[in-house]
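Let's have the full structure, built from the sequences with the hints guiding it.
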Amino acid sequence: MDTPTLRPPRHRVSRTAIWYWTARAALGWLVVLAAQVVWLVADRDESALPVTTHVTALVVTAVLAVAHVMVMPQWRYRVHRWEATSAAVFTQSGWFKQEWRIAPVSRIQTVDSQRGPLERIFRLANVTVTTASAAGPIKVSGLDQDTARRLVAELTATAQATAGDAT
Amino acid sequence: MIDPIVTTWRRLSPRMLVIHPFQEVVRAAPALLGVLIAGTSSGGEGHLWGLAGVGLMVVVGMLRWFTTTYRITPEHVQVRRGLLTRKVVTVPRDRVRTVDVTSHVLHRVLGLARVEVGTGTSDRRHEGRLKLDALTTAEAARLRVELLHRAPASSAAAPTASTAPSPAAETELARMRPEWVRFGPFTMSGLVTVGVIGGFVSRLMSEGNVDISSVGPVQDAWRWFSAMSLPLEIATVVLVLVVFVSIASTLGYVLAFGNFRLTRHAGGTLHVTRGLLTTRATTIEERRVRGVEVDEPLLLRAVRGARLAAVTTGLRAAQGAQRGGSMLLPPAPRAEAVSVARLVLPRASTGVSPVTAELTAHGPAALRRRFTRAYGVHALVLAALLALWAWAGLPSWTWLTAAALLPLTALLAADRYRSLGHALTSGYLVTRWGSLVRRRVALECDGVIGWNIERSFFQRRAGLATLTATTAAGKQGYQVRDVALAEALRLAAASTPGLLDPFLVEAREPDTMPAAQ
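Protein sequences, first through last, are from chains A and B.
Here the first sequence is numbered in the working numbering, starting from 199 and rising by one per residue.
Here the second sequence is numbered in the working numbering, starting from 169 and rising by one per residue.
Treat the hints with caution; some may be incorrect.
[Stated by the list, open to error] DSSO-like cross-link-like pairs, simulated, lysine-lysine; straight-line CA separation at most 30 angstroms:
| no. | chain 1 | residue 1 | chain 2 | residue 2 |
| --- | --- | --- | --- | --- |
| 1 | B | K643 | B | K299 |
| 2 | B | K255 | B | K643 |
| 3 | A | K295 | B | K299 |
| 4 | A | K337 | B | K643 |
Read the hints as simulated data drawn from the structure, not as lab findings.
Printed below as a string of structure tokens:
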């Protein structure tokens with residue numbers, strides 16, 4: 199018997215998502231760097247830690263930040279994929295711990311779409327599909343707004359068409 | 169009074185005017201005690217403040233009775249409560265999945281019972297749970313029958329006849345047998361009790377200034393104890409602990425599971441009653457039962473015992489031996505658990521029982537992973553102990569003990585692998601895992617509402633995956649751990665026919681994952 203395997207879901211997320219992830223990661227690192235700079239300035243007179251330690255920490259953080267900001271969005275764009283057929287929703291995510299999630303459309307309970315402030319700047323949205331199980335929410339982030347809207351409308355229409363309480 | 173439907177808002181039983189204040193006082197007891205001690209030690213009116221606190225709690229407790237009302241309409245069960253923030257909890261009656269009737273000692277003295285109504289999905293957030301604390305026992309029993317064995321409201325030609333529980337419509341599936349008490353010591357439930365008592369005694373000594381060593385027998389025992397050599401001392405301590413824990417566990421077992429009975433009602437419900445002092449009766453709608461879980465903690469497994477729980481929509485997963493309302497069988501002979509599971513699972517009555525079916529092992533890669541993980545953790549602990557010994561002056565016996573336990577880790581890893589297994593039989597997905605607590609779950613394939621397949625970096629290298637069947641019942645998701653990816657997909661595809669097919673491809677080489685090789 200052949201060995202079956204899962205093919206990756208058909209769609210990538212929006213290309214803009216790369217910039218969104220970059221911006222979000224950069225903002226996060228900026229907060230860390232700012233905190234370190236503040237500490238450096240505040241610590242100058244006390245000299246509890248030598249300045250060289252501070253600067254080393256700062257440099258290490260900066261290098262990590264640049265590496266993360268450069269690599270992570272590209273990588274994430276390559277591994278995050280999604281697909282919705284009339285029967286099922288299928289997503290793939292994660293790079294160290296890879297995860298596929300599949301849920302039948304007939305068991306969908308809610309379809310939420312969310313747009314945070316940063317996502318709005320990049321005209322993106324994420325869609326969360328929940329089933330009656332607490333272990334099975336499926337999240338697709340970094341979709342462009344039109345695709346997200348279309349996905350939500352499609353899933354809602356099919357989910358409503360099925361009877362029962364989907365447990 | 170026969171008809172439990174009350175469309176007007178009603179209060180709980182007035183006898184709660186006794187219980188509510190008592191409960192409030194007990195709940196506030198630590199704080200009150202603190203006030204008392206602090207007040208007395210600072211030379212003031214500690215006892216007065218304490219009294220005032222008790223009085224306040226009594227008033228609060230009585231207010232709870234005045235502010236709590238409920239009503240049961242043909243469509244809803246509603247509870248209204250709260251003094252400052254009024255809150256109405258409404259449960260549609262067709263969403264009622266389980267009814268739990270509990271009577272604590274004080275409740276029983278006054279002839280009362282607390283009714284808890286469990287609903288479906290929102291249960292995990294505690295929102296859907298509705299509590300009536302408390303009604304008279306008779307009223308609670310009627311309410312339970314009414315809520316779960318509901319006759320269709322439209323065709324209520326003879327409502328009194330159809331809602332009355334007739335004893336003939338009840339079949340007994342299992343009942344407590346005196347010889348099951350032998351499993352009591354192996355439940356280890358007494359460990360907590362002994363710990364609590366020990367903690368209480370040490371607190372009493374340190375804070376209450378009770379000098380326990382001034383008591384004559386204690387002094388004698390201590391003198392006798394200190395005269396022994398160290399190995400003997402350790403052996404004595406262990407022996408005393410074992411004896412105490414066994415006694416406490418057995419007592420706990422008898423108190424919690426005495427009078428245990430599992431029955432099936434013709435109306436389509438399972439009914440569990442148990443308890444000697446605090447009685448508890450749980451009713452589960454049978455069509456909500458999605459499977460069963462057989463738990464075998466190591467000690468219980470050694471004496472061929474097991475406990476059984478239902479995997480049910482609307483009941484939180486069982487925690488421990490007795491906490492979960494989904495318990496179907498207390499620690500009992502394994503054979504008994506197997507036969508009860510067969511009776512409870514609707515599809516297992518004819519085919520191979522999913523509780524005894526042969527399981528497919530997960531192969532050498534999973535075995536290697538058990539060993540690397542077990543020894544990885546052990547090595548980390550050992551390294552930490554060594555580091556602490558070298559730099560922080562930890563006594564050397566700590567890491568020596570850890571090193572001596574290395575063979576035990578091998579046994580554990582091997583046993584963990586032996587437990588791993590899965591099967592698909594009679595329409596049930598079966599998975600088993602764990603060593604210290606070996607669990608076997610049989611989940612109805614219809615109850616599977618999605619799949620998660622996880623592969624960590626190391627699992628990808630070993631060609632393994634962890635398959636999670638998500639469900640609305642029990643723990644919300646049940647895992648088949650470290651199974652070969654192809655086998656996981658085959659299992660998932662066979663459990664939910666058609667769902668995975670559009671996404672499956674036949675691969676000659678498993679090189680589709682970029683980071684896999």
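Which of the listed hints are broken here?
Hint 3 is the one this structure does not satisfy, whereas the remaining hints hold.
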